[in-house]
Amino acid sequence: MEFEPTKLDQNLKRALRREVPSADFAARVLAQAAALEKKVLAERTLIVLPVWRKPAAWAIAAGITLAAIIPAGVSEYRKSEERKAMQAGRQLALALNITRMQLQKTRERLQKASKQHAL
Amino acid sequence: MKKLILLTLLALPLAAQDGFDFKTLDKLGTNSKNHTNVTLDGDMLKMAAGFLGSGKDSADLKALVGGLKGIYIRSFEFANKGMYSPADLEPLRNYLKQGKWNKIVESKEDDEISEIYLLPQAGGTLGGVAIIAVEAREVTVVYINGTLRQEDIVKLSGTMGIPEIRGDLGNLKKIEKIPTPKKEED
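Residue numbers (numbering that gives the first Met the number 0), protein chains in the order written: chain A, 0 to 118; chain B, 0 to 185.
Be careful, since some hints might not be right.
16 Å max Cα-Cα, derived EDC-like pairs, lysine to aspartate or glutamate [said to hold, decoys possible]:
hint : chain 1 : residue 1 : chain 2 : residue 2
1    : A       : 104       : B       : 109
2    : A       : 104       : B       : 137
3    : A       : 111       : B       : 108
4    : B       : 61        : B       : 42
5    : B       : 45        : A       : 81
6    : B       : 45        : A       : 80
7    : A       : 111       : B       : 109
8    : A       : 104       : B       : 111
9    : A       : 111       : B       : 105
10   : B       : 26        : B       : 87
11   : A       : 104       : B       : 134
12   : A       : 104       : B       : 110
13   : B       : 107       : A       : 107
14   : A       : 104       : B       : 105
15   : A       : 83        : B       : 40
16   : A       : 111       : B       : 111
17   : B       : 68        : B       : 20
What the hints contain is simulated information worked out from the structure, not anything from laboratory work.
The task is simple: from the sequences and hints, build the whole structure.
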C-alpha cells in the first residue's frame with residue numbers, strides 16, 4: 000500500500016531540503032556573534048553600579064570606620080574614666096583631710112575644756 | 000492615685016541622697032569667701048578607693064571606704080564675723096535629732112561649736128558619722144553615710160586623727176556634753 004504525498008509532505012520536504020549556504024554565510028554568522036557579544040558587554044557595563052551604591056563597598060567602609068573609631072573611642076572612654084577616678088581620689092583625700100582636721104580640732108577643744116574644767 | 004505618684008516623685012530626690020538633702024545647706028555659703036564642697040557617693044567612692052595606693056594604711060582606708068555609701072562635706076569660710084546665719088544649720092540638726100542618731104560630743108567655746116553625731120548599728124558597727132563645726136568665720140559640715148567598722152576607726156585613729164573609741168559603741172548613747180570652759184581670771 001503506497002501513500003500518496005500530501006501537500007503537507009511536500010511542504011516539509013521543501014522546507015527541510017539541503018541547501019548550500021551562501022559564500023558569506025560563515026562571515027555573517029561570525030559578524031552577528033561578534034555584534035551580540037558587544038551588545039551583551041555593553042549592557043553589562045550599563046548595569047555596573049557606582050562604588051558608593053555597592054553594599055560591599057559600604058560594608059568595607061563601615062568596617063574601616065569602626066576599626067578607626069572603636070579603639071579611639073575606647074581609649075577616650077578609658078581616659079575619661081581615669082580622669083573621673085583621679086578627681087574622685089582627690090575629693091576623697093580632701094574629704095578625709097577635712098574630717099581628720101575637724102576631729103583633731105574637736106579633740107583639742109575637748110582636751111582644753113577638760114583641763115580647764117578640772118582646774 | 001495621682002497624689003501617691005506625686006508624693007513618690009517628691010520623695011525620690013531625698014531617697015537618692017539617702018538621708019539628708021545637702022542642698023538645704025547651700026544658703027549657708029551665700030556670703031562665703033571660700034567654699035569646699037565634696038559629694039562622693041556610690042560609684043565615685045569606689046573609683047576613689049582605687050586611687051588610695053597600696054600600702055598598709057591604704058589597705059585600712061580602702062576597708063573603711065569599702066563600707067561607705069557616701070561622703071558629703073560642705074565647708075564655708077567667711078571674710079568677717081556674722082556673715083552666715085546659724086539657723087541655716089537647723090535643718091541638719093533636726094534631721095540628726097530624728098532616728099537613731101546620737102550626739103556623742105557637743106563642745107562650745109565662745110563662737111566655736113563642735114558637734115559629733117554617730118549612728119549606731121547592730122553588731123557594734125556605725126551607720127554614719129556627722130560633724131558640725133562652727134567658728135566665727137568658718138562653718139564645716141561632714142556627713143559620712145555607710146557602715147564604719149569600729150576596728151577601722153581604731154586602726155585609723157592615728158592616720159586620720161579620729162579619736163580612739165574603746166568599748167561597745169552601743170554604750171555611747173549619752174551625750175557627752177562638755178561645759179563651756181571657764182575663762183581664766185585676770
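Outcome of the hint check:
1. A:104 with B:109: Distance of about 14 Å is within 16 Å: holds.
2. A:104 with B:137: holds (13 Å)
3. A:111 with B:108: holds (10 Å)
4. B:61 with B:42: holds (14 Å)
5. B:45 with A:81: Holds, at roughly 13 Å.
6. B:45 with A:80: holds (12 Å)
7. A:111 with B:109: holds (13 Å)
8. A:104 with B:111: Roughly 10 Å separates the two Cα atoms, so the pair holds.
9. A:111 with B:105: holds (14 Å)
10. B:26 with B:87: holds (7 Å)
11. A:104 with B:134: holds (11 Å)
12. A:104 with B:110: Holds, because 14 Å separates the two Cα atoms, which is no more than 16 Å.
13. B:107 with A:107: Within the cut-off at roughly 12 Å; holds.
14. A:104 with B:105: holds (12 Å)
15. A:83 with B:40: holds (13 Å)
16. A:111 with B:111: holds (13 Å)
17. B:68 with B:20: holds (15 Å)
Of the hints listed earlier, there is not a single one the structure fails to meet.
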